[in-house]
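Visitor: Chains as they are written, first to last, in my numbering: chain A, 12 to 223; chain B, 12 to 223; chain C, 12 to 223; chain D, 12 to 223.
What the hints contain is simulated information worked out from the structure, not anything from laboratory work.
Label pairs and their in silico Cβ distance ranges:
1. B:218 <-> A:173: 31 to 39 Å
2. C:215 <-> B:161: 18 to 26 Å
3. A:62 <-> C:128: 38 to 46 Å
4. A:221 <-> D:222: 33 to 41 Å
5. B:196 <-> C:54: 19 to 27 Å
6. C:167 <-> A:156: 54 to 62 Å
7. A:170 <-> B:172: 41 to 49 Å
8. B:200 <-> A:52: 41 to 49 Å
Ideal placement from N, C-alpha and C gives every residue a C-beta, glycine not left out.
4 protein chains.
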Amino acid sequence: MTEPEEKENSMITTQRLEAFSDGVFAIAITLLILEIKLPDHAALEHQSLSQYLWNLWPKYFAYVFSFGVIGIFWANHHYIFKLYKRTDHVFNMLNVLFLLTISFLPFPTAIFGEYIETETHYATAVRFYLLGLVLPSGSWLLMWLYASYKKRLIDERLSDHFIQYLTRFFVFSNFFYLLGFFLSFFYPRASVALMIILALIYLFPPKKPEYT
Amino acid sequence: MTEPEEKENSMITTQRLEAFSDGVFAIAITLLILEIKLPDHAALEHQSLSQYLWNLWPKYFAYVFSFGVIGIFWANHHYIFKLYKRTDHVFNMLNVLFLLTISFLPFPTAIFGEYIETETHYATAVRFYLLGLVLPSGSWLLMWLYASYKKRLIDERLSDHFIQYLTRFFVFSNFFYLLGFFLSFFYPRASVALMIILALIYLFPPKKPEYT
Amino acid sequence: MTEPEEKENSMITTQRLEAFSDGVFAIAITLLILEIKLPDHAALEHQSLSQYLWNLWPKYFAYVFSFGVIGIFWANHHYIFKLYKRTDHVFNMLNVLFLLTISFLPFPTAIFGEYIETETHYATAVRFYLLGLVLPSGSWLLMWLYASYKKRLIDERLSDHFIQYLTRFFVFSNFFYLLGFFLSFFYPRASVALMIILALIYLFPPKKPEYT
Amino acid sequence: MTEPEEKENSMITTQRLEAFSDGVFAIAITLLILEIKLPDHAALEHQSLSQYLWNLWPKYFAYVFSFGVIGIFWANHHYIFKLYKRTDHVFNMLNVLFLLTISFLPFPTAIFGEYIETETHYATAVRFYLLGLVLPSGSWLLMWLYASYKKRLIDERLSDHFIQYLTRFFVFSNFFYLLGFFLSFFYPRASVALMIILALIYLFPPKKPEYT
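With these hints in hand, go ahead and build the complete structure from the sequences.
Guide: This is the structure:
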């Protein structure tokens, strides 16, 4: 039902899929700034504008971090789409699901930036943000598993060794994001540290594809 | 007046039309998240942040559902534009009308997400959301009827049988969306069920074009 | 200084210019919906949600009208860019100016939709909206005059007769928008009528280019 | 590690990089208008709508100025990407950093527009806005230094003289933006003047590339 020949049926090339995805990436990444808002009138009664702008540091951090996360997902999206040679209806829908999780990220980012320095809501904010990272990471893995299964949609010339390497890499990523999520119930600070380390690892260039 | 030769006149290729439409789709779909907002100060006085985030489920549902609807319209837009071989000024304007209805969707989505769990405004919210679905569905049908009439803009090689199939399919869709809309005056819950069933049907891949 | 040979200097093809402009058009047109907002708590104390949604008609009208205006400018932008064969730095900057006026439109649209049914602010809202229409119309004319002067950037094969036709057409448009603006100081209702008539005229397909 | 051969590794062409960047530019530039807001109820109690709209001049100025800044960065981004022949992972990440600073600009713009006419917050608003200009200017220089070092990513045929010219030009720009930033601690008005002069200089077309 979802064999490669479906491609003519759904009639969306990977090129169109990439262009649409790029649009969603570009918009989601740019909307992040809307979560940093002007002070309301009361906010400047007991502090100067300068102090207010300094005190926004959790929001700047959330902005920069989520910008980096989406930017890295965008770079990886391009990297991986060079390996995809076909698409089909199920894969298009999985890609829409992935974009749904990317578009959702500005909301956990806003929660994270708003409550990270509060005593009461700190742990919940971290947990919700990590959930926001688990979702795209998980749907990313789904896309890969669907596409790489029996080389359904990927370049046939890719070596089995390389395919297994990517599968392991994406499974491990998911494992660590999930670990961070569960860790946040007990040690929120540790899960923030884990999340930062994961992002730094992703800053390194992805592995060069290997062909047989 | 609106014959195919108009194409040189309006001078917009279907390719440009698609690129512009993709832009609008990508933006409308990403703007949906802006309707899920941070709690105001009062909202966290009688509940924890965690409870607040759980209680947002109607908004998550509305976000996911509208994301799916726009995503499916986007996929279908690409599917159908492969069948269109030409464009003319009237068709461009019909496409702008269709995009107007897609761009409008974030507002009924916000109404739906805000009031679906209230006693008082539940029925109105459902009705308004269904109206929000009727509009793109109707303008979509208009585009198809205009383009397929005497094969005005579509690929001449398409079989009559296939054209009739699509016409029937789009007319039925409209009928069911309208049914859902009218149903919402009496049985709002049933119309929500109908709306979900319709969306699930659209998750299936569209029919492969048939040529003579 | 701004001769065609500048083109290699600024190194932006008309194709890139169009893609960037399309992006701005698509975003400005989709942002219009953000001006239609959810009711605040007080708004639903003395009326039902259904009444509230009906009473938003001035906002729906403003949304549809501005969507149409931007949609038509988009269509015309494509039409006219088929006539432009080159670009230079000055023209790029004029195009940025034009896009600035298009991006500005959501604000006068919001003012128009908010105050059109008030007794006190009706005339100002109309005047400000007409100003919002005068600005893109004027910068559009500037672009054309700059590009068509001695066929600086346009296709050399275009007939003088056709060039003069377009110049006259754009000058007249500007005249009528300005007329509407000044009229709004005395007869706001008449200027709204004029504005609607102008939009309807633009719904007709533009004239087919004539070559010598 | 980051040699040109990395390109096959990261697998992103400069073309894709430009398309994504164009998306971010187009969105950031269009979001600027969202910072100009409708009057709240209290705002129209002591002044007419007309007076309110006149009194928004600092916001119009901030809107136009930031629109110009982003527009010029967009034009320069295209200019410079014609000189780049390759890309690698580090350069992609530097470009994401640059886009982060462009996307950030709507926030300092809002601060600038909100407080430029206040007695108390004027100097801080100017300083913060100048910081908002220093950031993209600085990351722009970083990109150039990385790409031009030993002609790592740029066209090999470019003359050394021309490369040195651009390096000096970008270093000087950064120097003047930083000067404006520091000046704002003592003479905010002078730093605004400097900022305007710099923008006007950038309105001139960039220098034509020289090849050996």
